Structures are given as structure tokens and as C-alpha cells.
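Number of protein chains: 2
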Amino acid sequence: MKIALDAMGSDAHPVPDVSGAVLAAREYGVTVILVGDENKIKPELAKHDTRGLDLPIVHTPTAIAMTDHVDAVKSKKDSSMNLAVKLVREKQADAFVTAGNTGAAMAAAIAGPYLLGRIKGIKRPALTTTIPTATGRTLLLDIGANTEVKPEYLYQFALMGSIYVEKVWGLTRPRIGLLSNGEEEGKGPQVVRDAYALLKQSKLNFVGNAEGRDIPKGTMDVIVCDGYVGNVAIKLSESLAKTLVGFIKDEIKKRPLAMLGALLAKPAVDALRARLDPSEVGGGILLGVDGVVIIGHGSSDAKAIKNAIRVAKEAVEGNIVELIRSGVTETGI
Amino acid sequence: MKIALDAMGSDAHPVPDVSGAVLAAREYGVTVILVGDENKIKPELAKHDTRGLDLPIVHTPTAIAMTDHVDAVKSKKDSSMNLAVKLVREKQADAFVTAGNTGAAMAAAIAGPYLLGRIKGIKRPALTTTIPTATGRTLLLDIGANTEVKPEYLYQFALMGSIYVEKVWGLTRPRIGLLSNGEEEGKGPQVVRDAYALLKQSKLNFVGNAEGRDIPKGTMDVIVCDGYVGNVAIKLSESLAKTLVGFIKDEIKKRPLAMLGALLAKPAVDALRARLDPSEVGGGILLGVDGVVIIGHGSSDAKAIKNAIRVAKEAVEGNIVELIRSGVTETGI
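Taken in order, these protein sequences are the chains called A and B.
The opening position of the first sequence corresponds to residue 1 in our numbering, with each subsequent residue numbered one higher.
The opening position of the second sequence corresponds to residue 1 in our numbering, with each subsequent residue numbered one higher.
A hint or two may mislead.
Which copy is meant is left open, because identical chains are indistinguishable; a pair holds if it fits in one copy or across any two.
[Said to hold, decoys possible] Calculated lysine-lysine pairs in the DSSO-like style (CA-CA distance at most 27 Å, straight line):
#1 Lys77 x Lys235
#2 Lys47 x Lys254
#3 Lys203 x Lys254
#4 Lys2 x Lys242
#5 Lys217 x Lys254
#6 Lys91 x Lys167
#7 Lys253 x Lys217
#8 Lys235 x Lys2
#9 Lys203 x Lys253
#10 Lys200 x Lys42
#11 Lys200 x Lys235
#12 Lys217 x Lys47
#13 Lys120 x Lys242
#14 Lys266 x Lys217
For the record, the hints were derived by calculation from the structure and aren't laboratory data.
Keep in mind it's a predicted model, so treat the numbers as computed, not measured.
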């Protein structure tokens with residue numbers, strides 16, 4: 001299996017990108033094609049023991065910055081992001097992974113010069129994220145590809161999410177929730193109420209409306225929403241966890257005995273941190289495009305990049321693109 | 001000052017409602033009119049020392065349940081909620097406070113048989129909540145009165161929120177944010193982009209888009225959004241805080257030394273709990289109605305009811321209804 005990695009993606013590129021590629025090549029036995037500036041990639045690769053690993057470089061001096069507008073996908077035609085997508089388009093790679101500019105990465109896959117395009121029948125691709133919950137994990141989508149949706153988009157997000165967690169996470173009859181502002185049918189904006197009707201009559205295991213409180217609870221396997229509210233929810237979650245940790249640190253620092261207590265409790269806190277560690281998640285799949293596209297956080301470290309490559313590998317092995325293709329044909333919505 | 005309290009509001013009514021009223025009457029020197037079933041209220045009142053306090057009862061046997069549809073406001077015309085609103089309408093009370101069914105409480109104020117109605121010029125009232133932040137607190141609105149909005153509604157939410165935190169919280173030139181899925185102008189659904197333009201040209205101290213991460217940060221004093229995303233955000237916040245506490249408890253229980261540590265750190269954790277205690281907030285004001293309406297959480301305890309009455313008293317003293325009335329006339333939107 002070959003993964004095309006945008007080696008110029010993360011905030012600290014190419015350091016975590018290259019290190020993550022090395023870790024992934026070793027752990028998963030995959031080829032990772034490093035796309036980017038070889039003058040920066042080669043010295044970084046030289047720091048690692050890469051004997052027996054397949055880590056070819058596709059050189060390009062151009063990269064899309066985090067601060068670039070999504071239009072950079074068109075103006076920077078030979079950027080590492082575009083060339084990595086091109087490898088997938090030309091079947092020289094099985095998947096595209098980046099920790100770069102999210103908007104640009106989606107644009108590269110959907111509308112760039114080497115676009116993969118949408119799977120036939122899919123109206124809008126959706127970006128996903130995996131939320132650690134009290135009992136496991138929940139797939140939330142869309143988290144930013146579509147700020148405005150129609151009922152049938154939400155239905156298709158549910159369909160794609162259901163196929164993904166069934167095939168890649170191995171869940172049977174995944175429980176699908178629709179994000180609303182109340183659990184009863186009839187709650188929410190018109191688009192949500194209309195999507196409720198579509199989901200209710202579908203073959204999916206639709207369990208009804210999800211409320212904001214259901215997102216971290218783990219009572220649903222997939223929660224669908226528009227990319228505006230999904231983006232707010234995910235950024236709020238990240239920030240709130242940090243704020244709470246900050247609050248508790250403040251209070252502990254005021255109290256010498258509490259400081260000793262915190263020292264003793266540190267292994268438990270570290271375990272919590274590991275459980276919530278975004279680098280364990282790695283990256284979210286962009287569902288609905290005709291190819292495997294995984295987008296990670298700009299702040300990714302080597303472990304996050306490695307895990308994003310793992311997510312790509314699982315999606316390729318799960319044959320997720322073909323399953324969505326046949327799933328959407330069957331349902332006809 | 002006279003506060004009309006729906007004594008049948010909270011989940012455990014009338015116990016916390018009556019106790020909270022007694023605490024408020026003593027601490028703030030206000031009259032609290034207890035509206036509800038006197039056969040339940042009187043025995044509860046008898047448990048307290050109420051000498052010197054003014055706690056009259058307005059009897060009605062009917063109450064709206066948490067599980068009732070909002071239409072109950074019309075079918076249960078003589079419910080405690082409606083009669084408490086009626087006292088405000090007839091100027092026999094200065095404010096209405098309830099910890100009951102949120103949808104019904106809003107309906108009672110806006111569309112019930114004794115409705116207070118909207119302030120002239122206000123297109124839609126908005127329900128607020130106060131979020132404890134890293135540096136203080138932020139007013140978030142709307143959190144559920146309007147699942148669908150227009151740009152001018154969002155502008156008016158900002159105007160009302162700005163007036164409220166300026167006059168009631170005492171902030172100068174409060175910083176107003178517009179919830180979106182990116183900080184740059186041009187991010188978000190069309191309605192948000194159009195509201196951005198309105199806010200930018202207004203006299204408000206509009207600081208731009210807020211992202212989900214800004215909600216707990218305290219970098220803005222007021223954040224406006226539609227009631228759908230606001231409701232998701234607030235329920236997610238409450239749930240996530242609980243989930244994180246559950247996670248850390250799990251990890252601590254696995255480790256004897258960590259358990260000792262947690263014991264030593266307990267005062268710090270208690271301080272954090274106090275800082276985040278929803279009963280300190282008490283209730284959120286429904287801005288835009290022609291009268292002071294405060295809606296608390298169904299799970300309110302006596303302290304929460306007391307604080308909801310305090311929020312009502314502050315709004316009456318801040319003359320918030322008249323200030324919004326003149327504010328909306330001035331701006332003409």
C-alpha cells in the first residue's frame with residue numbers, strides 16, 4: 001500500500017511529517033511517498049534509521065501555508081498538497097494524508113487542478129472527526145466542509161458515516177443520531193426536521209435526535225450535522241477541555257497540600273491525557289470524495305501523523321470508497 | 001421590589017423554589033410572590049423561619065410539567081407559570097422567575113394568554129446563558145428561543161446583549177463576537193456573513209467572528225448565534241465537563257496513590273466545582289420581551305433559585321427593558 005503524504009503540511013513541517021512517515025512505514029509496512037521540498041525532507045529523513053523502509057520523495061518547492069486562502073490550491077498548482085492528491089488521482093498512491101490547511105486540503109481533493117472529485121451520487125463530501133467518549137468513540141460529521149446543508153446532504157452524511165464505522169471500526173448496525181436542540185422529533189431548524197423524516201424512513205439504524213450533551217456521551221456511534229455547528233462543537237470541545245485543566249491547575253497551585261496531591265495523582269491525569277490525546281486520533285477522513293483523503297490537525301506531532309497514516313490505511317483496507325459508491329447507488333437518494 | 005416566582009417550576013418543586021425564595025427574600029430584601037399550589041407551598045414555607053420576610057402566595061392548583069408540550073401554556077391557562085407572568089403584565093410584580101419547562105416559559109412570556117410581548121422594534125427575543133470563562137464570564141445568546149434566524153435578529157441579539165452586560169455586569173464597551181466556523185470575515189453560513197456586515201457597520205464594539213474555542217476563553221463579553229447552535233454549545237459544554245470529571249475519576253480509582261492524591265487535591269477540585277457551579281449563575285434572562293423574565297435550569301437547587309431571583313433583581317435595577325427599548329429605537333434596525 002502506498003500513502004501520499006503532504007510532507008509540508010503540519011505547522012512544524014517537515015519535522016513531524018517526516019518522523020511520522022518513518023514511524024508509519026515501520027509499524028504498518030506501508031510505502032509513504034513524501035511530497036514536498038526535498039532540500040528540507042532529505043536532511044530530516046537522514047536523522048532516522050530508514051533501512052528497509054520505503055520512503056520515496058516527490059519533490060516540489062511549493063507549499064500551501066496555513067494562512068493561505070483556499071484559492072492557493074489553484075494558484076499554487078504544483079504545491080505539495082496538489083501533487084500528493086495527483087498521485088492518488090493517477091493511481092500511484094492509495095490515499096492522501098495531510099496535516100495542512102484544512103480548507104485547502106478539501107479544495108485540493110474536491111475542486112483542485114488534480115481533483116479526485118465526488119463519488120457519483122454524493123451531493124457533498126463531509127469532513128469527519130473522531131470524538132473520544134465515555135464508552136468509546138463517536139464519529140461526528142460534517143465539521144467544516146459544508147456550512148449550509150440540505151436534508152439530503154445530512155442523510156448522505158449519515159449513510160457515509162454508518163458505512164465507515166461499520167466497515168472500519170467494525171461496529172454492527174451503528175447507531176445514527178441527528179444533531180438538534182432537543183431530543184423530540186420536530187425539534188430543530190427546518191432542514192434538521194426534514195432530514196429527520198428522511199432518516200426515519202431509511203434503512204439506517206437511526207436512533208433520533210442527538211443533543212449537544214450526547215456528543216461526549218458515546219450513546220451514538222455517528223452524529224450528523226452541518227459543518228457550521230459541527231465546527232463550533234469540535235472547537236468548543238478542544239478549548240473547554242483545556243480551560244478546565246487550566247482552572248484546576250490554578251486552584252491546585254494555591255494549595256500546597258493540593259500540589260502534593262496533584263503530584264500523586266499525576267499518573268491518573270497522564271492516563272486521562274492519553275485517553276483524550278488528539279494525536280491518537282491522527283486525522284479525520286473526508287467522506288464522499290472518490291479517493292481516500294485524511295486531514296489531520298496543523299499541530300500534529302509525529303505520533304499524530306503516524307496515526308493519520310493508519311486511518312488512511314484502514315480506510316483503504318476497508319474499501320470505503322467502493323462501499324460508499326455502491327451504498328449511494330442502492331439507496332437512490 | 002416584587003418578584004413573581006413560579007413555585008412549581010423546578011424538577012423537585014416546590015422544595016428548592018420555596019427555599020430559594022426564602023433565601024432571596026432575606027438576602028436581597030425583596031418580596032417574592034410564590035405562585036402555585038398553596039397546599040404544597042405552605043407546608044414547605046412552614047419549615048423556614050420567615051419572620052420579617054414578605055413571601056405572599058398566589059394560589060393555583062395547575063402547573064406545567066417538564067414533559068408538557070409548549071401548547072400547555074394555552075391549554076393550562078391558570079398554570080403557575082401563566083399567573084406569574086400575569087402579575088408582571090399587570091404591574092403587580094417587577095419580574096418573573098421560573099426553573100420550569102424552558103419552551104413553555106418562553107411561550108408564556110411571548111405568546112401565552114397573559115403574554116408580555118416583545119419590546120417594540122425587537123424582532124425576536126433571545127434566551128441567554130452565562131458561561132464561566134478563564135478570565136470571567138461570557139454572555140451567550142441565543143440558546144434556544146430561535147432555531148432559525150435572520151441577520152437582523154443576530155444584530156439585535158448583539159445589541160441587547162451589549163446593553164445587558166454593560167448595564168448589569170458593569171462592563172465598558174463590551175466586546176461582541178459572532179459565532180462562526182472561522183475567525184476571518186467571510187466564514188460561516190450566509191446568515192452569519194450578512195450579520196457580520198451589519199455588526200461591522202454598527203456602533204457596537206464588534207470584535208469579529210468568535211469560534212467555538214472562544215466560548216470558554218473569555219476573550220469576548222457577548223457571543224451571538226442562532227438558538228440551534230447555541231443550544232448545542234451549551235448542552236455540549238455541560239456534558240463535556242461531566243464526562244471529563246468521570247474520566248479522571250475512573251483513572252484515579254485504578255491507582256491507590258492517585259486516590260490519596262485526589263483526597264489531598266479535593267479542596268482544589270471543590271473550588272473548581274464552585275467556579276463552574278451552575279447554581280451560581282441561577283438563570284438566564286430572556287432578552288427582548290417587555291418585562292424581566294429569568295429562566296433557570298430544571299435541576300435548580302435553592303441556591304440556584306436564589307441566584308435566579310438575584311439576576312431578576314439586577315435586571316430590574318439596571319432598567320434593562322427600558323434601555324433595550326430606547327436602544328432599538330435609536331439604531332432603527
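Taking the hints in turn, this is what the structure says about them:
In this assembly of identical chains, Lys77 and Lys235 lie within 27 Å of each other by CA distance neither inside one copy nor across copies; the values are 30 Å within and 43 Å between. With identical chains, the CA atoms of Lys47 and Lys254 are never at most 27 Å apart, being 43 Å at best within one copy and 39 Å at best between copies. Taking the shortest Cα distances, Lys203 and Lys254 never come within 27 Å of each other, neither inside one copy (56 Å) nor across copies (42 Å). Proximity of Lys2 to Lys242 under the C-alpha cut-off of 27 Å is found in neither arrangement, the shortest distances being 36 Å within a copy and 42 Å between copies.
For the homomeric pair Lys217 and Lys254, the shortest alpha-carbon distance between copies (21 Å) is at most 27 Å, but the shortest distance inside one copy (32 Å) is not. Taking CA atoms no more than 27 Å apart as the test, Lys91 paired with Lys167 passes inside one copy only; the shortest distance there is 22 Å, against 63 Å between copies. In this assembly of identical chains, Lys253 and Lys217 lie within 27 Å of each other by CA distance solely across copies; the values are 20 Å between and 30 Å within a copy. For a Cα distance limit of 27 Å, the shortest separation of Lys235 from Lys2 qualifies neither inside one copy, at 32 Å, nor across copies, at 42 Å.
In this assembly of identical chains, Lys203 and Lys253 lie within 27 Å of each other by CA distance neither inside one copy nor across copies; the values are 54 Å within and 42 Å between. In the homo-oligomer, the alpha carbons of Lys200 and Lys42 never lie at most 27 Å apart, since the shortest distance is 54 Å inside one protomer and 48 Å across protomers. With identical chains, the CA atoms of Lys200 and Lys235 are at most 27 Å apart between copies only, with a shortest distance of 24 Å across copies and 29 Å within one. Taking CA atoms no more than 27 Å apart as the test, Lys217 paired with Lys47 passes in neither setting, with 42 Å inside one copy and 39 Å between copies.
When the C-alpha separation of Lys120 and Lys242 is checked against a cutoff of 27 Å, the pair qualifies neither within a copy, at 41 Å, nor between copies, at 42 Å. For the identical chains of this complex, Lys266 and Lys217 are neighbours both inside a copy (25 Å) and across copies (25 Å), given an alpha-carbon limit of 27 Å.
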